[in-house]
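Produce the entire structure from the sequences given, and follow the hints as far as they go.
What follows is each chain in one-letter form.
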Amino acid sequence: MMPRYGMVIDLKKCIGCETCTVACRAEHATSKGILFNRVFKFEVGKYPYSKLGFLPVACMHCGKPECEKQCPTGATTRRKDGIVIVDTEKCMGCQYCVVTCPYGTRYYLDEIKNYIKGSETPYEKKGRKKHRRGAVEKCDFCIKRVEKGQEPACVTSCIANARHFGDLDDPHSEVNKLIALRRGYTLNPELGTEPSVYYLPDY
Amino acid sequence: MEERPKGHFVFGWKIIAYLFLAGVGGGASSIGAAFHLLRPEAEIVILGGVILGAPLVFIGSFLLLFDLGRPQVAFRAFLRPNKAWISRGTFILTIYIILGAIQFGFWIWPFQGLENYPSLHLILNIINGIFGILTVIYTGLLFDTTRSIPFWSTPILPLLFLVSGISTGIFGLILILFLSGGTESQVVSLLSQFDAFLLIFEGMILFFYLHGMHEVTAARASVRRLLRGDLATPFWVGVVIIGLFIPFVLEVFWRDGTIPILIASLCGLVGGIYVRYIVVSGAVKAPLNAEGVLIYLSPRPE
Chain A
1 MMPRYGMVID LKKCIGCETC TVACRAEHAT SKGILFNRVF KFEVGKYPYS
51 KLGFLPVACM HCGKPECEKQ CPTGATTRRK DGIVIVDTEK CMGCQYCVVT
101 CPYGTRYYLD EIKNYIKGSE TPYEKKGRKK HRRGAVEKCD FCIKRVEKGQ
151 EPACVTSCIA NARHFGDLDD PHSEVNKLIA LRRGYTLNPE LGTEPSVYYL
201 PDY
Chain B
1 MEERPKGHFV FGWKIIAYLF LAGVGGGASS IGAAFHLLRP EAEIVILGGV
51 ILGAPLVFIG SFLLLFDLGR PQVAFRAFLR PNKAWISRGT FILTIYIILG
101 AIQFGFWIWP FQGLENYPSL HLILNIINGI FGILTVIYTG LLFDTTRSIP
151 FWSTPILPLL FLVSGISTGI FGLILILFLS GGTESQVVSL LSQFDAFLLI
201 FEGMILFFYL HGMHEVTAAR ASVRRLLRGD LATPFWVGVV IIGLFIPFVL
251 EVFWRDGTIP ILIASLCGLV GGIYVRYIVV SGAVKAPLNA EGVLIYLSPR
301 PE
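Protein chains in written order, with the working numbering: chain A, 1 to 203; chain B, 1 to 302.
Any given hint could turn out to be false.
Claimed, not checked - Straight-line alpha carbon distances no greater than 27 Å define the calculated DSS-like cross-link-like pairs of lysine-lysine that follow:
| hint | chain 1 | residue 1 | chain 2 | residue 2 |
| --- | --- | --- | --- | --- |
| 1 | B | Lys14 | A | Lys32 |
| 2 | A | Lys32 | A | Lys113 |
| 3 | A | Lys80 | B | Lys83 |
| 4 | A | Lys51 | A | Lys13 |
| 5 | A | Lys69 | B | Lys83 |
| 6 | B | Lys14 | A | Lys113 |
| 7 | B | Lys83 | A | Lys64 |
| 8 | B | Lys14 | A | Lys90 |
| 9 | A | Lys64 | A | Lys80 |
| 10 | A | Lys144 | A | Lys125 |
| 11 | A | Lys126 | A | Lys148 |
| 12 | A | Lys41 | A | Lys51 |
| 13 | B | Lys14 | A | Lys69 |
| 14 | A | Lys126 | A | Lys32 |
| 15 | A | Lys126 | A | Lys144 |
| 16 | A | Lys90 | A | Lys125 |
| 17 | A | Lys13 | A | Lys177 |
| 18 | A | Lys117 | A | Lys130 |
| 19 | A | Lys90 | B | Lys83 |
| 20 | A | Lys125 | A | Lys32 |
| 21 | A | Lys41 | A | Lys12 |
| 22 | A | Lys64 | A | Lys90 |
| 23 | A | Lys69 | A | Lys130 |
| 24 | A | Lys69 | A | Lys80 |
If you're looking for bench data, these hints aren't it; they were derived computationally from the structure.
Listed below in structure tokens is the structure:
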């Protein structure tokens, strides 16, 4: 049976170190200005009853993706295993998915920029083949790694073991157990996008 | 990197110009079609609708094309009319431009002959007018279905675009009438009277739009930007004073003079640009909602 991939991020364990952000950039060699994974840092409550919160956000791989609904070219599709992908060959770069994504996880690549101006590292040179100028790109759950049976780069690299990856359709999977035990929730449920990325509360 | 306020999304000038041109073009051809049906003796208005309609929308479509990241695969925009409003809009624009081009080509220049088939011409023009209206409102419907931006996610928006489009279309027609020298004062005063009514209507729609949006928590930020934030000058001066107040006063109190109506038309067209500008630039994405903790999307990272 085809799995439905999903991710669980434990906010109690997340320390906001941004290792996932760096691992993601290392995996995908994204241009300057583009990070498929970001960690939002914010203050909850009012001093002295306050704390620092972290929220790692990448593509939610929604069950009903707004981006897929609005894509006029059919470049954005949701695979049977639940991964939402962009076929940059088909994308015409209208960028409406960037506007319509409620999670702000899509990026338009208007030019391939090196991180250090004027000097291209061998790694960037190798990585730029994966990107297409003028198209929209985003997190793809590290589809190549997943197809090889590995976990996405952000999951493997997480130093706090806060990220878990697995099959949401399998009731005995680790992700489903965590969601049930810790009352996992999704972001902006009021929009009805049905994300595949769940968060566990930080208490 | 340019710092943007949190959660703002800004479309480029090309999109705003397209929205304006599509409004003027579609509005003018729908008014032209209405005249064709109701007052066919005012041929100059019908002519004006054809002259303004398709050519302006054609220019606007080119702006859209150049706004694409990869215009070489733009044909793919036709592929998903069952779901995506952009695809539906691409069909609407194409049909509209083809209909306008047929009328233009066989009635004005380079060929003639359409006037020998009055009923065919009437039907063609009415379909053209309907597609003109669709051209104006489909962008409103596209914005309406964008749930991530609460300021756009309202069915009042297509109505605002429609009324503003028809109003600016009339201003464009009045300008065409003056340029062609055929100032049939009766037609002009009819148009400007109807337009004065539309301006009241547009003002009311704007009021209810902003009032309704102020009640929506996530859209309140947009309304605040318009009323007293960074978009206050474009809104109060560009939309309210130049776009609504001045044309209305001139059309109601000095409707017999040539110069006042000319000024009213130019002001109204400028106001039409500003209406599109404030709607597009006022967009603020809804914050991320992590079980009640709201996180506003920050500017793009390095």
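Given hint A/Lys90 paired with A/Lys64 - CA-CA distance at most 27 Å: Within the cut-off at roughly 21 Å; holds.
Within 27 Å, alpha carbon to alpha carbon, are A/Lys69 and A/Lys80? 16 Å, holds
Given pair status - A/Lys12, A/Lys41, alpha carbons within 27 Å: 14 Å, holds
Keeping to a limit of 27 Å between CA atoms, is the pair of A/Lys51 and A/Lys13 held or broken? Holds, at roughly 14 Å.
With the threshold set at 27 Å, check whether the alpha-carbon distance from A/Lys126 to A/Lys32 stays at or below it. With Cα atoms ~15 Å apart, A/Lys126 and A/Lys32 stay inside 27 Å; holds.
So if I understand the rule, the pair passes when the alpha-carbon distance is 27 Å or less; does A/Lys126 with A/Lys148 pass? Answer holds: A/Lys126 to A/Lys148 is near 20 Å, not above 27 Å.
Agreement of A/Lys117 and A/Lys130 with the hint, judged by alpha carbon distance not exceeding 27 Å: 20 Å, holds
Quickly compare the C-alpha distance for A/Lys69 and B/Lys83 to 27 Å and report which way the hint goes. 6 Å, holds
For a C-alpha distance cap of 27 Å, please report whether A/Lys32 and A/Lys113 respect it. 5 Å, holds
27 Å Cα cutoff - pair B/Lys14, A/Lys32: 25 Å, holds
Given the proposed pairing of A/Lys13 with A/Lys177, does the C-alpha separation stay at or below 27 Å? It holds: about 17 Å lies between the C-alpha atoms, which stays within 27 Å.
Does A/Lys113 lie within 27 Å of B/Lys14 when you go C-alpha to C-alpha? 24 Å, holds
Checked against the numbered hints given earlier, the structure satisfies every one of them.
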